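Colleague: Got two chains here, separate frames each, mind docking them using the hints?
Protein chains in written order, with our numbering: chain A, 1 to 200; chain B, 201 to 446.
Each hint should be verified, as a subset may be incorrect.
To be verified - A few chain A residues facing chain B, derived, Cβ under 10 Å:
(1) 18
(2) 112
(3) 121
(4) 155
To be verified - Examples of chain B residues lying across from chain A (beta carbon under 8 Å, computed):
(5) 252
(6) 276
(7) 279
(8) 284
(9) 436
These aren't lab readings, by the way, just hints derived from the structure by calculation. These figures come from a predicted structure and were not determined experimentally. Ideal Cβ placement from N, Cα and C applies to all residues, glycine included.
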Amino acid sequence: MYTGSLRALIDELGRLPGIGPKSAQRIAFYILKIPSEDARRLADSIVAVKDRTTLCEQCFNVAESGNLCDVCADDRRDAHVVCVVEDPRDIVAVERTQQFRGRYHVLHGALNPLEGIGPDQLRVRELLGRIDAEEITETILCTNPNLEGEATAMYLARLLTPLGIAVTRIASGLPVGGDLEYADELTLGRAIEGRRAVVP
Amino acid sequence: MTLVRDAGVVLRTYRLGEADRIVVLLTEGHGKVRAVAKGVRRTSSKWGARLEPLSHVALLLWQGRSDLAVVNQAEVLDHFRAVREDLERVADGFAMLEAADQLAQESHADPGLYTMLVGALRALADTRNDARMIVPSFFVKALAHEGAGPVLDACARCAKPAGSVDLVAFDITEGGALCTACRRGRPVSAAALEVLRQILGGALGRVLSAPRPACADEVAALATEAMEGHLDRRLRAVHATSGLTW
Ligand SMILES: [Zn+2]
Ligand SMILES: [Zn+2]
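This is chain B alone, in the form it adopts within the complex (with noise of 0.2 Å):
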């Protein structure tokens, strides 16, 4: 058994036994780990709020041979309350989770997605920012960080670039966006496409800020169909929440 030292934010925890709970970790230096908490779920627990899904803590770990790590000592840095205590941005927190532990590998350093995650998480529970576009931001920036961002700029199907033709649809299948003669997938509006280069342009400081675009729904959409594309599976917390709130 060795100790590790590490940073991580909690991405969702199971039940073990009696009190202890299994908590998935999105962590800097050791990408996805899997460690149990003991006693945890005992009101009168050490661990208090600590180990709870969205919580950034530095931790210390027992590393041993299994893939299940113990938790020894956890430190908070950020309980994003404010992303707690709302409950629009509860909800996207929780598709950024889902999407976190997605994508992430269990020991497979991935400190791009890391430091993303903390800073959507961040943008989230400061409440100067509109909310709504920052799932959208995380999603399209993650994909571009694994390599699958959607192409913008050109027809990704013929090529074409965006200025010698009209890009009118947007199917991830076939990468991004795509021009008139090629069209395929949805519909999409020339504004969202234009919102989603900013976010992948390095505008996206100015998206969060920036008054609500009309195109956000779309964007949203669009965001969600690209990473639901990536990862071929559906988005449980998306959907379950969209009847909840807005």
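Excised from the complex, chain A in its bound form (with noise of 0.2 Å):
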């Protein structure tokens, strides 16, 4: 139906995560018709993230090239604590909360026996590599609270508590302002094991 260049712009926007044939079309469309300077800049930062991102070579958070993510970086942050997520964006989500100071590590991913990822495809042995270089005393596992995340987590608290560090695991309870008759029963269970004292 379309050709040449339009044609080949709604096929590379068909194949980014969560956009089908129809948005496709709708996004090809609406570039068409923006300022050309607009356009530039879009495709501009498209080969910038490319070329001058890679991923912090001390945590896996990504990084502009060549230098330690923000967070690594900052020395502000306590060294001691670390924080380990399955992914990057996990980060910016910790990071909203403003509860931790601490730094990070970045797994890229967790065990999925089904897909056949195991520890070798994950950023483990880099982690057990930072524990005594970086002198960290505390380790925060922060692995989705799945099935997946769960068992990384299992896992990797097995190989760092003999390491003689306090091994943590993030709390998993009930959405605030969410309803309790709609919570499921493993949610609501583990939320009743860490319940907390309540300060009168």
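Modeller: Structure follows, in structure tokens:
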């Protein structure tokens, strides 16, 4: 139906996650309409992110090429406490809480035996290498509260605990603002186990 | 669109779009079903842990003309929590989910396989059982249910009965145990063959409650080989987790 460059753009957009053929077409026509300089800025930012962004060599968060990421580069952060996450986007989520002042380690995934993902496919060895080198005294296992994330946390706890450091797991509980009656049994059960004293 | 009621075990899930997942279930009445769970990845989702792999749920599904159903309601029958919270047991659980996923067919009811999977997960969640023999038992019982169980009482090649010849080897492509004259594949101990016979001969409960037999690793290897031979593919979960735990 479309030919040449328009067809190519629709095809490329259609490969992006969450974008179906209809959306790809809509976005392509939007780009066709906007001023050239806006289109160029978009194209440049795509090229720049590929050229200049790599993974932080310390924690495997995203970073500008050749540099540590913003968190590792910030010497006001507590270097002895490390929060272990599956994905760089999880760092953004934890940072938004403003509750954590330590550093991170990104595994880039979780154990997923059904997909053939074992420890060797994750940044596990690199995490173990950091413990002594950076004198880490506590790790907070902040993997997703699902089957794969829990299995990953159990596995890491088994590796890290013998090193004599504190190993904690984020609490799992009920979403704030939700109704108790909609909570599933597993979530509610864990929330009851993880109860805390109420200050009168 | 029709509303369908069924029970099933969640075998695996895939991310779909921003916050949804495709949930693959082994159901009692409809075989393998693929269904969309809307919004399940949001932490505020009403689904919570209900549609996680391993969950045994009662379901209400919207079934349209496409092969993708939509989950309308899900109620937990069993979370198998003891499986989730133990690294060895969860690895075993993954192995059984993968095998069940490979054996089951879409829109082809197989209540026998469903019942076996639920039974095996219950046994795995019962911490009084030694978990080591559960996966091999599930594998050989599921194979027998498929009509692909290994021959154990005679030579699979020359058909001479176990009493008249020694069964010394095992090759699933030949159909099971082999005598000295027909030997090929891997060597097999008499003890391992006896455990396999007990599993298939209605003495599964005794195998699971007995102390771990010395040939446990051999039985596990034979069962995995038999399952992989039947499926004609490697079981990722078995190999991805083998270095993890034991
Ligand atoms: Zn970093
Ligand atoms: Zn023979």
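Colleague: Are the hints correct? Go through all of them and say.
Modeller: These are the hints, each one checked on the structure:
Using the Cβ-Cβ criterion of 10 Å, the hint placing residue 18 of chain A at the interface with chain B is satisfied: the shortest such distance is roughly 5 Å. With its C-beta approaching chain B no nearer than about 8 Å, residue 112 of chain A sits inside the 10 Å limit, and its interface hint holds. The interface hint given for residue 121 of chain A holds, since its Cβ lies 9 Å from the closest Cβ of chain B, which is under the 10 Å cut-off. The restraint placing residue 155 of chain A at the interface with chain B holds, with a minimum CB-CB distance near 6 Å, inside the 10 Å limit.
A distance limit of 8 Å between C-beta atoms decides the matter here; for residue 252 of chain B the minimum to chain A is near 5 Å, and the interface restraint holds. Contact between residue 276 of chain B and chain A, as hinted, is supported at the beta carbon level, the nearest pair being about 5 Å apart and thus within 8 Å. About 5 Å separates the beta-carbon of residue 279 of chain B from the nearest beta-carbon of chain A, less than 8 Å, and the hint is met. Evaluation of the residue 284 of chain B hint against chain A yields a held restraint, the C-beta minimum of about 6 Å falling below 8 Å.
Residue-level restraint check for residue 436 of chain B holds (minimum Cβ-Cβ distance to chain A is 4 Å; threshold 8 Å).
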